Amino acid sequence: MKQHTITYLKNYRPYPFTLSTVDLRFELDPTQTRVRTRITMQRNAYGQDNNSALELTGESLELVSVQIDMRPLTKDEYSYDGNLLRIPEVPDQFTLEVETLINPQANTALEGLYLSSGNYCTQCEAEGFRRITCYPDRPDVPAVFTTIIIGPKDSCPVLLANGNRTAKGKLLDGRHFATWHDPFPKPSYLFALVAGDLTCIEDHFTTMSGRDITLHIYVEHRNKEKCGHAMESLKNSMRWDEQAFGREYDLDTYMIVAVDDFNMGAMENKGLNIFNSKYVLARPKTATDSDYEGIEGVIGHEYFHNWTGNRITCRDWFQLSLKEGLTVFRDQEFSADMGSRAVKRIHDADIMRSFQFREDSGPMAHPVRPSSYMEINNFYTLTVYNKGAEVIRMLHTLLGPEGFRKGMDLYFARHDGQAVTCDDFIQAMHDARPEESIPDFEQFKLWYSQAGTPTVTVSQEYNPATQEYILTAQQTCPDTPDQQGKDKQPFLMPLCMGLLDSKGQDMELYPQDLQDRQDDGRNNGTLVLRQEKQQFRFTEVHEKPVLSVNRNFS
Numbered sequence: 000m001k002q003h004t005i006t007y008l009k010n011y012r013p014y015p016f017t018l019s020t021v022d023l024r025f026e027l028d029p030t031q032t033r034v035r036t037r038i039t040m041q042r043n044a045y046g047q048d049n050n051s052a053l054e055l056t057g058e059s060l061e062l063v064s065v066q067i068d069m070r071p072l073t074k075d076e077y078s079y080d081g082n083l084l085r086i087p088e089v090p091d092q093f094t095l096e097v098e099t100l101i102n103p104q105a106n107t108a109l110e111g112l113y114l115s116s117g118n119y120c121t122q123c124e125a126e127g128f129r130r131i132t133c134y135p136d137r138p139d140v141p142a143v144f145t146t147i148i149i150g151p152k153d154s155c156p157v158l159l160a161n162g163n164r165t166a167k168g169k170l171l172d173g174r175h176f177a178t179w180h181d182p183f184p185k186p187s188y189l190f191a192l193v194a195g196d197l198t199c200i201e202d203h204f205t206t207m208s209g210r211d212i213t214l215h216i217y218v219e220h221r222n223k224e225k226c227g228h229a230m231e232s233l234k235n236s237m238r239w240d241e242q243a244f245g246r247e248y249d250l251d252t253y254m255i256v257a258v259d260d261f262n263m264g265a266m267e268n269k270g271l272n273i274f275n276s277k278y279v280l281a282r283p284k285t286a287t288d289s290d291y292e293g294i295e296g297v298i299g300h301e302y303f304h305n306w307t308g309n310r311i312t313c314r315d316w317f318q319l320s321l322k323e324g325l326t327v328f329r330d331q332e333f334s335a336d337m338g339s340r341a342v343k344r345i346h347d348a349d350i351m352r353s354f355q356f357r358e359d360s361g362p363m364a365h366p367v368r369p370s371s372y373m374e375i376n377n378f379y380t381l382t383v384y385n386k387g388a389e390v391i392r393m394l395h396t397l398l399g400p401e402g403f404r405k406g407m408d409l410y411f412a413r414h415d416g417q418a419v420t421c422d423d424f425i426q427a428m429h430d431a432r433p434e435e436s437i438p439d440f441e442q443f444k445l446w447y448s449q450a451g452t453p454t455v456t457v458s459q460e461y462n463p464a465t466q467e468y469i470l471t472a473q474q475t476c477p478d479t480p481d482q483q484g485k486d487k488q489p490f491l492m493p494l495c496m497g498l499l500d501s502k503g504q505d506m507e508l509y510p511q512d513l514q515d516r517q518d519d520g521r522n523n524g525t526l527v528l529r530q531e532k533q534q535f536r537f538t539e540v541h542e543k544p545v546l547s548v549n550r551n552f553s
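Those letters in the sequence shown? Residues 0 to 553, by numbering that gives the first Met the number 0.
Don't read these hints as lab results, they were simulated from the structure.
Every value quoted in this text rests on a predicted model; they were computed, and no experiment measured them.
All clues stand as given, with none of them false.
Pairs of lysine-lysine residues, derived as PhoX-like cross-links and limited to a Cα-Cα distance of at most 25 Å, are as follows:
| no. | residue 1 | residue 2 |
| --- | --- | --- |
| 1 | 444 | 405 |
| 2 | 152 | 167 |
| 3 | 223 | 277 |
| 4 | 234 | 223 |
Model the full structure from these sequences, guided by the hints.
Shown next, in the form of structure tokens:
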């Protein structure tokens, strides 16, 4: 049985080997699926310095054989304890071949490859790939995958994996096969395989560079007529990401599979998204407005991961909000543009106040980027997702739409194909416009390391003789597990505000310190809070104003 140990961010070390290609061959069987894995790899600089042994994780599987450069290894040349395959001596450059047997039908954990309602399906995030084969199952180890799937044609007429299909055909024994190649390196958590008796609807999307993308949504036969809204949502997502962020889809095919028994809601596997049917199927007679909005938002979220999560992924699972918080922000903006921005913002703020604030004030409170975990699956939380999105939104507010877009463009250009950290993202935002960027970016990073919901209390004073208005803001943050409030440093945060005259109109704002305000053209001041207690002075305030504070839930 797997023994749980505490994993610490401070103990992160790079993997000592670099993987080039991974060739997978699946021979599907309900109780004895045979998986052959061939990996080309070489020792990297970190491995050279440490002369590291090769260590691969593998759980709930039967290890059949291990080969290096086509030579079978004896039991004396490796060890396997049911969790870790360790080979003490390997060349600097070699090809590793591992053969395993797995039991999809008995896989009730629904991690790795499992069989449910006659369909084979995978879920590999965060650490499910190790239930398929022995592998460096971590997000900072990318490789180019080619997958061959062999299965019975009668029960599994559809064979899907990541990337573009490069071959298919019949075998003499009555089975058939399909070969899929994904040219973009990816970590193991983004691997996907689906096989079963499914039907699909097809559409096409023309990208901004003129490429034709084939779109498929696979569902169980009885659900084929319920996919129209999901397909329109997908095309809207692709178009919006091009317009809002300049991101074009990269493969020739984009596939969505919707099955009733998928346990994760939805998963952004490269080119082959897998959804629970709830987030794909809808028809006017039975679906509500919120059902349609939910489908649109989740379809968008998983598509947007293609760049914020897949092309650029996390160095380690402590950086989970790097992909999830950023992608939640992107899907919120998408939904706001597709519908009512005001209604969407109120809805998102309500989720924060009703649920995330509760999480932040309870015994499970944790930072957006935790410093340790025992089970990573426990950190797929509102704090990592929704609070992480609000941290991104604060950056958007501080930098403005143009500055934020420049930061995103630099982030994509600098880190495409890499596994990076939250700090790398913040650095790209800073470097895109260093002369106009907000000061104290190091202080802004406290949002990633300090837990809890800060409270900002404001008081005001107006002097009619001098026509001066003083706004005082004071921030505090409560105790949270492992972090005392008295030890927490002040956050850097934007506070959007305005002053209303007796007719309810916005006054012109003239703060004494112009660095404390960023004008959005509507007389809204974006005050930048940096200190525990801070005063902002406004001059030429001709009458006692009414304070409008925390606009847009900034």
